[in-house]
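J.: One line per chain: the protein sequences are A, B and C, in this order.
Once you know that position 161 of the first sequence is 563 in the numbering used here, the rest is easy, because the numbers rise by one and skip nothing.
Once you know that position 28 of the second sequence is 34 in the numbering used here, the rest is easy, because the numbers rise by one and skip nothing.
Once you know that position 124 of the third sequence is 426 in the numbering used here, the rest is easy, because the numbers rise by one and skip nothing.
Keep in mind that the hints were calculated from the coordinates and are not lab data.
Please read all numbers here as calculations on a predicted model, not as lab measurements.
On the chain B side, residues computed to face chain A include the following (Cβ under 10 Å):
| no. | residue |
| --- | --- |
| 1 | ARG41 |
| 2 | VAL42 |
| 3 | GLU84 |
| 4 | THR85 |
| 5 | ASP87 |
| 6 | SER88 |
Glycine included, each C-beta is placed from N, C-alpha and C at the ideal position.
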Amino acid sequence: MSAATASRRGSAARAERFGRAVRLWVTAGPGLAWIVAFLVLPSAILLGIGFFTSGSYGGPELPLTLQPLREVAGYSILGWSSGNITVLARSLIQAMSAGVLTVLFAYPVVFFIVTRPPAARPLLLLFIVLPSWTNQVVRTYAWMELLGPESALSHLVQSLGLLQPHLGLFPGVLAMQIGLTYNYLPYMVVPLYAAAEKLDWALVEAGRDLYASGPRLFWNTVFPQTLPGLLSGIILVVIPAFGDYVVPTLLGGGKSMMIGSLIASQFLETPNWPYGAALTIFMLVFTCAGLLAFRALSKRLGGAEESMM
Amino acid sequence: MAGPLVSAAMKAQHAASGPEVAERRGQIVLEDISRVFAADAIAVDRVNLVIHPGEFFTLLGPSGCGKTTLLRMIAGFETPDSGRILVSGREMQAVPAHHRPVNTVFQSYALFPHLSVAENVGFGLRMRRIARAERRTRTRRIMELLQIDAFAGRNPAQLSGGQRQRVALARALVNEPEVVLLDEPLSALDAKLRAELQVELMRMQKRLGMTFIFVTHDQHEALVMSDRIGVMQRGRLLQVGPVLDVYERPSSVFVAEFLGLSNIWPVTPLPGGLIETPLGRLAIGAPDPARGTAMIRPEKIWMYGEGGAPAGRANLLGGIVREAIYMGASTQYRVELENGAPLLVYDTNNQAAERSWRPGEAVTCELKPENIVLIGA
Amino acid sequence: MMGISLGKSTRRSLLAMSLPVYVLLYAPLLLIAIFSFAPPPLARGQTFYWYADLLHSPEVIAAFRRSLTLAIGSSVLGTALGTLMGFGLYRYRDRRARGFASALPSLIIYTPIIMPSLVFGISELIFFSFIHGATGLLGAGLLTMGIAHVTFEAPFVALVVFARLSGLDPNMFEASHDLYADARQSFLHLTVPVIRPAIIGGFLLAFTLSIDDFTISFFTAGPGSTTLPIYIYSAVARKGVSPDINALATLMIATVIGTGLLQYAFTRNRTRKLVARPGD
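In isolation and in its complexed conformation, chain A is listed as follows (with noise of 0.2 Å):
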C-alpha cells in the first residue's frame, strides 16, 4: 500500500462521522443547549455562591472564603452548635425510614399484583401509581386534613392517651413520615413489580424442595431475584425524600426542619444565600454519594445496569 492510499484511509469514515455530529447537534443542540443554559449553568452558579461571602442583604460578596461550608457543620461567630447535625440526622433517619417503609408495603402489593391474572395487573398497578399524578401539594394536603388536631385518627389516638388533648398528630416527625411513605410508595412498588413480573418461578418451584419455610424461601428464591429492583426503588425513594422540601414544610412544622426546609429559608425568609449554596453542596454530595455507593453495589450484585441512551 502506497504512502498516498495510506493517509486516505479512514478519511470517509471521519467525514462520515462529522457528519453525524453536525446532525446530532442539529437535532439535539436546541434541547440541550436550554438544558445547559437553564440548568447546568444556573446550578453551577448556586454551588459556586456557596464559596462567597454573605452580604448585608444575605445576597453573595467578595472575598471568596470557606465560611458558609464550617457554618455548615456548625461553626458560627457563636461558636459550635449541634443544630445542623439534628437536622441532618433528621433528613437522614426520615428518608431512610420511609425507604424501608415502603419497601414493607411495596412487597405485599407486587406480589399480590403479579399473581393476578396478566389482564387484571396494568390497573391493579395503575391505581398504585394514579395518586401520585396528583399535585404533591395537594397529596400531602390531604395529610394534614386527616392528621390533624381534629380529625377522627387524632382523636383516637388522644383517646387512646398517647397524645395530648387539642393536640393533632400534624405538624411533626410523624406526620412528616407519614407524608414522605405516602408520597413516594409508588416510586417503590414500580421498579420492584418491574422485577417482579420477570421472576423465574421454576427457581422458587425448586427451592420448594430445598427451604422448609416460606420466610427461608422466600429470602433463597425470590428475594435475590427482585434485588436489582429494590435496589432501584431505594434509590428512588431516599434520595429524594432526603432532600424533600414540600413535606417537611407542611407536616413538619417549624420545629421538625429536615435539609430542604432548611436550605430553602435561606433564600426565602432570613436571605443568606453563600450558606444556603453550601447547605445544597453538601445535600448534593450526600446525594451523590448514596446514587454512587448503590449503583456499585448493584453492580455487584450483578444488576443489570439501565441505561437508555
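With chain A's structure known, arrange chains B and C on it following the hints.
T.: Same frame as chain A, but now just chains B and C:
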C-alpha cells in the same frame, strides 16, 4: 424539492450517453474499494470486482468478513475510504443513497410498521412522486407476482416471516431498479421456507433481468442460487468466479473449506506429474505441479468393494471403512487408508443395496488425477 | 408467566396485606372529597356550596387559567425540544465512540431528571434574579416558570421518544433512503408517523409533570403568577385546612384520576388492536 429533478436530470443524461452506456445498465464496478472503521478494524480491503448486468452474484463469507459493508457502500449507506464505485457506468461517489438506481432487501426486512403492506410496497414510487394511478397498477402487479396481494391491507406486524420477506422483496422490485441488493434476506426463515424462496428469488431474477447482489454466509445457498460467487475473508475478496469453478477449483484452502467438506493435504511435487502426499504418491492431471497444497472433494472419490476395483488405473488406495453416516441421498464414509491416513468419501445412494459399506469392510478408493486440485503455495 | 403455584393461604395473606395499602392510598384523597361537600352551618343542604364559592373567586379562576397556560405552553415547547433530542441521540449518536465527549449529551439530559427539585428551583431563582438584575429581562413570572418547566419536561419526552425508537428496526431509516426518500421526506413520512404515539405520550407526560410540580414552580413564580398549586400552598400556609381548599383539591384530584383512567382505556384498546393478528 431537488430530489426527483436531479433524478430526472440524471436519467436524461443517462439516456443521452447512447448505446455504450445502455450496455452497462445494471453493471457494477468496484475499483480498489477500502473501508476502515478504525486503525485495527479494516472492514473492506482493496476490493476490485466487476458484476455483469443481469447477473445473480453472491458475496459469500463468514460473519464479519466485510460482505455487508461492501453491500452498504454500493447502496450508499456508507462511504468507501478509497476507490470508486460505478453503477451502470456512473460514478457513485457524490450520489446519495436516495438517488442511486439500486434497492435493498434488508436482513431484518425493515418494513415500515405504520404502513400497510400495499403502502410499504408503494413507498418508493410515492417518494419519487409517480402518479397515483401508475403507482397503484405497479404495486398491484408486483404484489400479485409475489403472491402477497391477499394481505395488501394488513399491517407488517400481522404477517409471518415468509410473508414479510416477500413484502420486502416486492418493495424493492416494484421500483424496477437496475440493481437489487439482498443482505442475507433468507437467514431468518426456517429451512423449508428458505428452500422455497431460494427458487422463487432465482426465477424472479431471471424473469425481471435485474442484477442481483446477494450476501450470505451460507455456502449451500450461494451454490444453489448464484451465477457467480465472490468469496470474502477479513475484508478481502479471495476468489471470484462461476459457482462450478469456485467449488471445484478453489484458489485457497479457506475457499475450499468454506464451500464444503474436502480432503486437503500439503504436497511435495515430484517429476513426471506426481506428488508426494500423506496418502502416498499420487498422479495428477497437471503436468508441472508447484509446491503447495492439494485437495479432492469427497464426492469425487470412487469407492469399490473387495476385488471390484478396475485394474490398471492410477491412484487406487486400499483402506478400511471406519465410519458410515447415512444422510438419505448420500452416505458419508470415513476411510482409514493402509498407511493410516484418513480419507473422507461421499457416495450417492442410487443403488443403496449393492453399494453401501459397513464399518470394518475393506474398500479401494480411486482418486482420479483430474479430480485432484492443486491449490498452490 | 407460568407456574405460579402459591398456596391459598399465601394468596389470602397477600390480599390481606395489600388491601390496606390501596385503602390508605385513597383514604386521604377521599376524605377531602367528603369534606368538600360539607356546607357551612348557615348554608345547610347546599352540597356544592364550596364549589360555587370557588367559581365565584376570581383568584381561583385566574390561577386555574395560569396553570393551564403554563402546562400547555411549556409542554408544547418541551415536547418539541425533547422529541428532537430523543430522535437526534438515537439516530446520530456514534455508538462506537467512547469517552466523555460522546457521553456528554446523555449526561446533560439526565441532569434535570436526577437533580433534586429543591436545588433545581433555587438554582433557577438565583439565575433569574441575576439576569433580571443585570438586564431587566426575565422578571419572575409565568415566563420564568415556563422556562423551568420546559427544562424538566424535555428530558422525559426525550426518554419516551428514544425508548420508542429503540424498539424499532434501525434499518428502517436506511430503507427509507434506499426507497428514494431524502432527509426531509424520511423525517415526514417515516420518523414522525412512527414516533407519533411517543410524541403524544411524551406530551401527556410533560403536561402531567407540569401540573404535578410544585417545588420548582414555587421558586420561579413571581407575584402575579400564582398557579393552582401555589394558590393552595399559600392558602394552607396562611390559614391551614379549609373547606374551599378541599373543594379545589377534590377537583384537581378528580381531573387527574379521570385523565389517568381515560388514558389507560385509550392505550389498552390501541395495543389490543395492534397485537391482534387476524391471520393466525
